[in-house]
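Protein sequences, first through last, are from chains W and G. Counting in the numbering used here, the first sequence runs from 2 upward without gaps. Counting in the numbering used here, the second sequence runs from 665 upward without gaps.
Because the hints were derived from the structure by calculation, they are not lab data. One or more of the hints may lead you astray.
The calculated DSSO-like cross-link candidates involving lysine-lysine, where the alpha carbons are at most 27 Å apart (straight line), are [said to hold, decoys possible]: (1) G/LYS897 - W/LYS249; (2) G/LYS674 - G/LYS897; (3) W/LYS249 - G/LYS674; (4) G/LYS960 - G/LYS1165; (5) G/LYS778 - G/LYS841; (6) G/LYS1027 - G/LYS1072.
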Amino acid sequence: MITPEPITTAVVDQAASTPAAVHMSPGQRAWHRFKANKRGYYSLWIFTFVFVLSLFAEFLSNDKPLLVHYENEYYFPVFQFYKETDFGGDFETEADYQDEYVRDILTSNGNWMIEPLNPFSYTTISYHSEMANPAPPSEYNILGTDDRGRDVMARLIYGFRLSIVFAISLTIVGTAIGILAGMLQGYFGGRTDLFFQRFIEIWGSMPELYLLIIFASIFQPSIWLLIVLLSLFGWMGLSDYVRAEFLKGRNLDYVKSARALGLSNSGIMFRHLLPNSLTPVITFLPFRISGAILALTSLDYLGLGVPPDTPSLGELLSQGKENISAWWLSLSTFGVLVGALMMLIFIGEALREALDTRRS
Amino acid sequence: MSHQPLIRVKDLSVNFQTADEIVEAVKHVSFDIQEGQSIALVGESGSGKSVSALSILNLHEAGHVCYPNGAVIYQQQNLLLKPEAEMRRIRGRDIAMIFQEPMTSLNPVYPIEKQMLESIMLHQRVDRPAALKLALDMLDRVGLPDPARQIKSFPHMLSGGQRQRVMIAMALSCKPKLLIADEPTTALDVTIQKQILELLRELQAEFNMSVLLISHDLNLVKHYADYVCVMNKGELVEQGDIQSVFENPQHAYTRHLLASQPTQLVSASNQERQTLLKGSNICVYFPVTKGFFKRKVDEVRAVDQVDIELRQGETLGIVGESGSGKTTLGMSLLRLQSSTGEISFNGQRLDTLRESALRPLRKEFQVVFQDPFSSLSPRMTVEQIIGEGLQIHYPQLDAVQRLQRIKKVLAEVDMDESALWRYPHEFSGGQRQRIAIARVVILEPALILLDEPTSALDVSVQKQVLELLVRLQQRHQLSYLFISHDLNVIRSISHRIMVMKQGQVVEQGDTRTLFSQPRQAYTRELLSAAMLNHQS
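Just chain W, same shape as in the assembly (with noise of 0.2 Å):
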């Protein structure tokens, strides 16, 4: 068939016509591409913004103070263990420092203390509403509170951090394992790809959400253990496209002129086949990301995921929906969740572009 030959020959012209192309290292021009979509651009700016924000989440939402002045003295209660009595008080017990003594001790003669934004972990119980819990939004609880009188805010941001940390471990885990185990079958071929093929069938077909529960039910329930099991089973359909794009790719000559230079069987896989097969892997990576906030978020609804106190998502959501008319709730949770989630969509796609060498 006919190719419209005359826009390629363009394309090559205006390249080489162009000098600021030619001098961009490979990494710059990827990330020029990168650049190009805006909107996956700002949408990396956005994400990153606020994931890093949310790693300091106990500066902007705790508790206890940043930095107390007592006594001509500076404590960082943040950081260390700080008595009652250091402050004053009768109790050998750490310092509660949203109780009204406390704060009273802290605030007069001199003495001062700054606090986060918002004065709550994920575990505080917020004493201030005049409502039954979970209460609405008020001057003291921008979210409201939820059944437990502790605030949605905090909850949301611990909850937020702990969601990305795991989709994106969750993620390195399953893409490394499900690239090893497709690059593997799609070089070696034959026998091992055959092995390989059988063990993914009958692998597969294990019931993944009974094991869930059964090891639920054995093991203290932690974000770990949550992670081993998700990334035993998660490999599996991204090895079936890297095998995919590996059988194609090491027919090609550019692999077998590889072979004749002289390079080994790891250098081919990687250097090679591997750069070349990215593409599926890259297009999967936010949807992978995405989908492993969804597991845990609905894992935690269905109450099979992390231990209760843990700041969640999904345990928020399942509060929503005990609590229909409790609104802070349901909604605050869901912008959360559609806003990662669009986002790294919209990096995902703009970084397919980027790696796509061939676009210009």
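Add chain G to chain W, keeping to what the hints say.
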């Protein structure tokens, strides 16, 4: 009526709209197609010849194309302005088209019968039995053996030549007034090519139709067209009768094209030289298995007991049609394909070495592939591509020395240093092939296997690459194993030639002797199909 041309293309321009610019693919082209005439559009890739031809049928993708000026007049009507519905009636019935790639222009999921009857019933408005009879007649006419049985088969069951015959039968079944043949034989072997072109010529006379032949191959055009239009970069630079254009070209570009035909670039080889590569009794058999337990029922003898010898600084051309085993033989000699038989390189046995022991030796024998698009890793820069071999075989070099060598070899293949940071897709086919050559030459090998290195290139670029290869050979005392289906190219670069057919060596000898006194019938057939002038 007979003085009126069948189709008149007047001042045609075609523009393609891309995301950020307008590409002028065809600029102010005018030519007439007379009834019963065989007219050829020749030019290199990107010259706009296919685009012009597709415009006659208005087959471009709507939305991306616009015709700023010009007209295609057929029966006093401008086809460019016709609504799509009316064009559909003209396509196939009045003007038919056959394409280059017979593999993809037939739908693989339907049998031939269904595809042929569809168009016959649509255009001729006949019932099914009549259409079937017509289809069988047509298939018989184009020389498809046993049409009653073959019409039931699926495209993959036919060979390339047979498929192209089916395409022709389909195109001609509605007795079109004009047949547009876009590189109809480029994908076929030379002997098949000749048969198809002769068939086209017979049918043209029989049906009194016009043929618009689009080709890059001047040799073919010269033999099969009456009138020729030479195109370059969207412009029609010269047109006229075959005889006058070929014998007395007016335009500089036409002269350049004619001069680009490969000429003899090397003289006879020196018999005294040392043997570099020797293969004896090389066999590659692929088992044909059947049933659940993969019982071996037969074997395909891709390479069958071949003896081969290559001397230092010499080019051995291996020529044959597709499936003759020439590439498999080449790959076996470099141990890129498992085979049996003895291979020795510079006196050292290669066939007994393990892959890991072989790897350090690979520096000495390198390979350049046919398709410069797939042989360069698309996600590596030119610097990485060329430098990769150095990292393996010359690990003692530091980054600065490596870059120096890369720059030196780029200059040797006539490429600019600015290429270093660019990716393969930014280069034309010829430039990519230069990069592929630079990648192997930088290792200073003794032997390079060239597997159809110029087949994907335009004729003028082809000549430049061949000249480059000869220059490098003389400078570095390289030995080449040159695999090609193109006798013209093989003749221009080889000292000795080996003709292969179905895995076996038919004939071998000096280039000159082989071309002037071929001993075997098959060699003679190949030579006549290639339509070479017996010069030299």
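Hint-by-hint comparison with the structure:
no., hint, verdict
1, G/LYS897 - W/LYS249, "violated (35 Å)"
2, G/LYS674 - G/LYS897, "holds (18 Å)"
3, W/LYS249 - G/LYS674, "violated (46 Å)"
4, G/LYS960 - G/LYS1165, "holds (24 Å)"
5, G/LYS778 - G/LYS841, "holds (24 Å)"
6, G/LYS1027 - G/LYS1072, "holds (18 Å)"
Of the numbered hints given earlier, the model fails hints 1, 3; all others are met.
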